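Peer 1: Taken in order, these protein sequences are the chains called A and B.
Numbering of the first sequence is given in the working numbering, commencing with residue 1 and proceeding in unit increments.
Numbering of the second sequence is given in the working numbering, commencing with residue 1001 and proceeding in unit increments.
Since the hints were made in silico from the structure, they are not lab data.
Take the hints with a grain of salt, since some may be wrong.
Claimed, not checked - Computed footprint of chain A on chain B, listed as stretches where at least three residues anywhere in the stretch have a Cβ under 8 Å from a Cβ of chain A:
(1) 1047-1057
(2) 1209-1217
(3) 1235-1243
As the list claims (entries may be wrong) - Okay, derived cross-link-like pairs now, DSSO-like style, lysine-lysine, Cα gap no bigger than 30 Å in a straight line:
(4) A:251 x B:1189
(5) B:1032 x A:157
(6) B:1114 x B:1032
(7) A:163 x B:1058
(8) B:1024 x B:1109
(9) B:1244 x A:157
(10) B:1058 x B:1120
(11) A:163 x B:1190
(12) B:1223 x B:1012
Treat the numbers as computed from the prediction; the structure is a model and nothing was measured.
We put the beta carbon where it would ideally sit given N, CA and C, even for glycine.
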Amino acid sequence: MKHNRKIMSFLAPVTLITLIIIIWQAACTLLHVSEHILPSPSAIAVAFKNDFAGSILPDTFVSLRIMMSGYLIAIPLGFIIAALASQSRFITRMILPVLIILMMIPMATLVPELKLFLGVKPSLKILVIILQTAPVIAVNSLSGFTHVPQNKVDLMKGLGCGKPETFFRVVLPNALPQIFTGLKLGCILCMIAATAADMSVGQGGLGYRIARSATFSATSTAFAAIIVAAVIGVAFYMLVSLVESIVIKWKQ
Amino acid sequence: MAYISLKSVNKKFSTRRSEIYALKNINMDFNKGEFVSLVGPSGCGKSTIIRLLDDILKPTSGEITVDGFAYNNSESIPKNMIKKMGFIFQVPNLYPWLTIRENVMLPLKVYKMKGPEYDKYAEELLDYVGLAAYGDSYPSEISGGMQQRIGVIRGMIHKPEIFMMDEPFGALDEDTRENMNLELLEIWKKTHMTVIFITHNIEEAVLMSQRIYVMSSHPGMVKSELTIDFSGRERNLDLISDRKFAEYCTDIESMIGTLRLDEIK
Chain A
1 MKHNRKIMSF
11 LAPVTLITLI
21 IIIWQAACTL
31 LHVSEHILPS
41 PSAIAVAFKN
51 DFAGSILPDT
61 FVSLRIMMSG
71 YLIAIPLGFI
81 IAALASQSRF
91 ITRMILPVLI
101 ILMMIPMATL
111 VPELKLFLGV
121 KPSLKILVII
131 LQTAPVIAVN
141 SLSGFTHVPQ
151 NKVDLMKGLG
161 CGKPETFFRV
171 VLPNALPQIF
181 TGLKLGCILC
191 MIAATAADMS
201 VGQGGLGYRI
211 ARSATFSATS
221 TAFAAIIVAA
231 VIGVAFYMLV
241 SLVESIVIKW
251 KQ
Chain B
1001 MAYISLKSVN
1011 KKFSTRRSEI
1021 YALKNINMDF
1031 NKGEFVSLVG
1041 PSGCGKSTII
1051 RLLDDILKPT
1061 SGEITVDGFA
1071 YNNSESIPKN
1081 MIKKMGFIFQ
1091 VPNLYPWLTI
1101 RENVMLPLKV
1111 YKMKGPEYDK
1121 YAEELLDYVG
1131 LAAYGDSYPS
1141 EISGGMQQRI
1151 GVIRGMIHKP
1161 EIFMMDEPFG
1171 ALDEDTRENM
1181 NLELLEIWKK
1191 THMTVIFITH
1201 NIEEAVLMSQ
1211 RIYVMSSHPG
1221 MVKSELTIDF
1231 SGRERNLDLI
1241 SDRKFAEYCT
1251 DIESMIGTLR
1261 LDEIK
């Protein structure tokens, strides 16, 4: 029964995606749509094969590197902000609106501004990713840290535990589900921010490849790069979900 | 001097609109090894009293002394003092991220009590409440009644001298409740713990206690203090048919009934 359900949860989306590809291919062929306007899946596959080694693969590496750098800095940063802010209700109230505003701003739109201060460097893109992902990680962790049922804290007090011990024994594990929500949202925003930063900063990356191919009407290459970005995003998300299921054993 | 004493203890809670006296001028004594129950209508502050003793809450004013140690309002109480106490909540209050065994052994971890003798004791207690097979399960995998039993043995795993219970069996069904009460009496006889038991079940209180404080609410005050004496007869379910047992129950019930009437007026 459990096995069947696993197969189902894999087959259901695959069926839909296959169906979309078939309809897409059929529509492009039957309606004679220009490859420069909307390339067919087969044209995208050909472009992928032709451009893989020359541009898509190197650009993928560039994107992966800046995404990982940004994300891995954003996690502890968001986490520390949340842990410190949760120590006082006043600081929580002060910092939460700012974090929410930061989370809502599409950071790539600030690239021209940031360029003025920092110049064009690869670190500029990493900064964009950090600014985009750290707030969402911080907001979710903070919400986890500040919503601990009173009884759970009372148990610690009743055992004579101080604030630090209570934090590590109760506040942190209690917040883990919400922390992972932040991490998962963070990896979505990370992909979006990385692509957008590539587009406005340049210097390689999948976003750069997409923008450049579109400029030269190499639409099928642009689509191939978009699909690679989507696959990376999904894989990234699944990886974080996997870590979540290992860490949060008690929710299964 | 009594083992545990509260002198002119007040506890105020501030809400947005007003200040509420949860406890007003509380004077209570508990002797070493005594089984004392606190009964009274809801809102009489009986839970607050044991929360003060276990340092979960701080009194607004007044003096609390436990085993010669005077609580200071501002300072936190040292762990080796708190270690003498076991606290059982009204709800199981288990940590969902810990297994049943880890939940039971949590106080040992906090007090850094390690060793095979403690592991063995944990297994004994798990076995005692019939849940030895569930040690590696998570709380979400067992029923509410089972969880509450785990909550009870967690409170006694570090062999406390003072055992405080906040209506621990209120959520259990009648049968389990009766069994747990009898088991508790057995444990008390064996360990000579000082027990402070909070309940709204008067029969339960009369059956188990040597003394009962009856409290009134708004503000929480001690209304009366009764010594329950069955002239040395053993405490078990046979007592329920005793005439004296019925008298005690009626006395307390009418006392609480009057309190409720007063409140309505």
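Peer 1: Checking each numbered hint in turn, tell me which of them this model violates, lowest number first.
Peer 2: Violated: hints 2, 3, 4, 8, 9, 10, 11.
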